Amino acid sequence: MRTEFANICLNVVKNDPKAVVFLGDISHFLLRDAQNAAPDRVHNIGICEQAMVNIAAGASLEGMRPIIHTIAPFLVERAYEQIKVGIGYQQTEVTIITVGGSYDYSDLGCTHHCYSNIALMRTIPNMDVYEPGTSIEFRSLFEQTWGNGRSKYFRLSAKVHSQNLLVVPEEINVVRKSTNNKYVFVTGHLLDSVVSVPDVGVIYVPTLSRMSHNSIGTINKLIDHNTKLYSVENHFINGGLGDYISEVLNRGVHRIGINRQFVTEYGTYDDMLKSAGLDLESITNKISND
Amino acid sequence: MTISMNKKIRKHIVDAAYHAKHGHMPSALSIVDILTSLDSVVEPEDDIILSKGHGCLAYYGYLVEKGLITIEEMRAFGKAGSKLGGHPDKNKVPGVRTSTGSLGQGLPTAVGIALARKIMNRNGKVYCIIGDGECNEGSIWEALMVAVNHKLYNLVVIVDDNDSQTRSMPSTNMLEKMHSFGLFATTVDGHNLAELGMEFESSDSRPRAIVARTIKGKGINELESNTFAWHHRAPNEHEYIKFTLEIDEN
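Protein sequence lines, in the order shown, are assigned to chains A and B. Read in order, the letters of the first sequence are residues 1 to 290 in this note's numbering. Read in order, the letters of the second sequence are residues 1 to 250 in this note's numbering.
Simulated from the structure, these hints should not be mistaken for lab results. Treat the hints with care, as some may be off.
As the list claims (entries may be wrong) - Here are the in silico distance ranges between beta carbons for each label pair:
(1) B/206 x A/3: 32 to 42 Å
(2) A/77 x B/136: 19 to 29 Å
(3) B/81 x A/125: 19 to 29 Å
(4) A/125 x B/83: 14 to 24 Å
(5) B/224 x A/260: 45 to 55 Å
(6) B/173 x A/37: 38 to 48 Å
(7) A/111 x B/250: 47 to 57 Å
(8) A/246 x B/222: 55 to 65 Å
(9) A/150 x B/46: 21 to 31 Å
(10) A/15 x B/46: 26 to 36 Å
(11) A/126 x B/222: 41 to 51 Å
(12) B/136 x A/280: 45 to 55 Å
This structure is a prediction, so every number in the text was calculated from the model and none was measured. For each residue, glycine too, the CB sits at the ideal point set by N, CA and C.
Just chain A, same shape as in the assembly (with noise of 0.2 Å):
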């Protein structure tokens, strides 16, 4: 998804004059294209993560459209009352762009890893969260909102999943019927666990901030009162999927995420899910033992 992060930059920079990318230092050498074909509009800030998203602010006042982009944990976690007064308050045309996921920095501990993110970015009113699952999906909602003037934050992951889905923001896509009256809903690459929990009806929701009335129609054309419902986040399920599913139809979720804890371990990512109970056989058992 980094590589598409590179693609996007440098047809954003060659298609449109007002874009303007400045990175905290991550990811420069992959931008290197972009750079050369707008040096003036592609900048490595440094590693000042809180001035960036006010400088990014600045630019947007001055009606460009400023990228902004690092690790996750050093933009949105370090830096939140920077984006809140300058880019959530002030309605700035600020998109964030993060990298890392939740632990796609396995082997570098709990500073390099994220999964307060879409709760920080949810609780900012104006802002846009969007969690894309593979390449294509981020292409496809960075294209479709790019230019609407609003504050977006994309959180993306190494991580993918490999079902093909069309995806529209503020839209969920109903990827399979349920045949036992439960309803999974799960974003980014947890998706493909949970297409493999047998019988369950599954949801994949790429946009966390708002959703149309036609998809919360189609949800409860879905669902019944006794339905169980659950969601599955790589992410804590403080304010995450969970809350905003929740917080949509006006019930309870069973929420399986990351339980108010630090995910400690070293290793793989598959370690990380293990460590975090979001490996497929966790996940399985949590909703059909259920």
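Model the placement of chain B on the given structure of chain A, informed by the hints.
Positioned in the frame of chain A, the structure of chain B alone reads:
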């Protein structure tokens, strides 16, 4: 003409604090002469950004003089339904380029505006007023390093150096600090309009820093000598009359 503007702004500050019964008067009075001098040099395409947002009463007084808000609006500041709060709000107040109040955010925003102008080949300087207390914030120094690295000749940083952090961590030697960070830095008496004007006229290929030595509560003796007591206090009727007369006579 410019001589009377600073008196008018000072009177607006006292008038608003008296009628609204609150306001950071000493911090506002400290930047009145900077704003007055800036008014004589700014072009229509220039911006003034008040990064130390709590000095907003001075800026509101300036906006009254520019005809962008009214005295009545200023007297209602901080009240329900008012568009003027204790910090300048870009979404509500004409003439406010960016919302400030959270210290250390106005300057990087000013850097972003200046950088965008440089990229797009647009004219217009960005004058940003920061406080010496505000310079406790790390984001100020991040923003200055970016401004220097990108050679933002169109950025003028004015430090309202009024010793506001004597209680905790004073931001000392501001001129040296600005110079060592790579700005074209000078210092000036922040209440001398002629000297300020000369500093604003001088430019460089580097971003500009003007360390303006100022006095909290400037223009009202009682406030100058008791800045802590008056940090966020409003004048009563007797004080209101006394202060207004004092400003007229100075």
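Checked hints:
1. B/206 x A/3: 32 to 42 Å: holds (38 Å)
2. A/77 x B/136: 19 to 29 Å: holds (22 Å)
3. B/81 x A/125: 19 to 29 Å: Hint holds: Cβ distance 21 Å, inside 19 to 29 Å.
4. A/125 x B/83: 14 to 24 Å: holds (19 Å)
5. B/224 x A/260: 45 to 55 Å: Holds, at about 52 Å.
6. B/173 x A/37: 38 to 48 Å: holds (43 Å)
7. A/111 x B/250: 47 to 57 Å: holds (56 Å)
8. A/246 x B/222: 55 to 65 Å: With a Cβ separation near 57 Å, residue 246 of chain A and residue 222 of chain B satisfy 55 to 65 Å, so the hint holds.
9. A/150 x B/46: 21 to 31 Å: holds (29 Å)
10. A/15 x B/46: 26 to 36 Å: holds (32 Å)
11. A/126 x B/222: 41 to 51 Å: holds (44 Å)
12. B/136 x A/280: 45 to 55 Å: Once the Cβ atoms are compared, 50 Å apart, the range 45 to 55 Å for residue 280 of chain A and residue 136 of chain B holds.
Every hint, counting from the list given before, is met by this structure.
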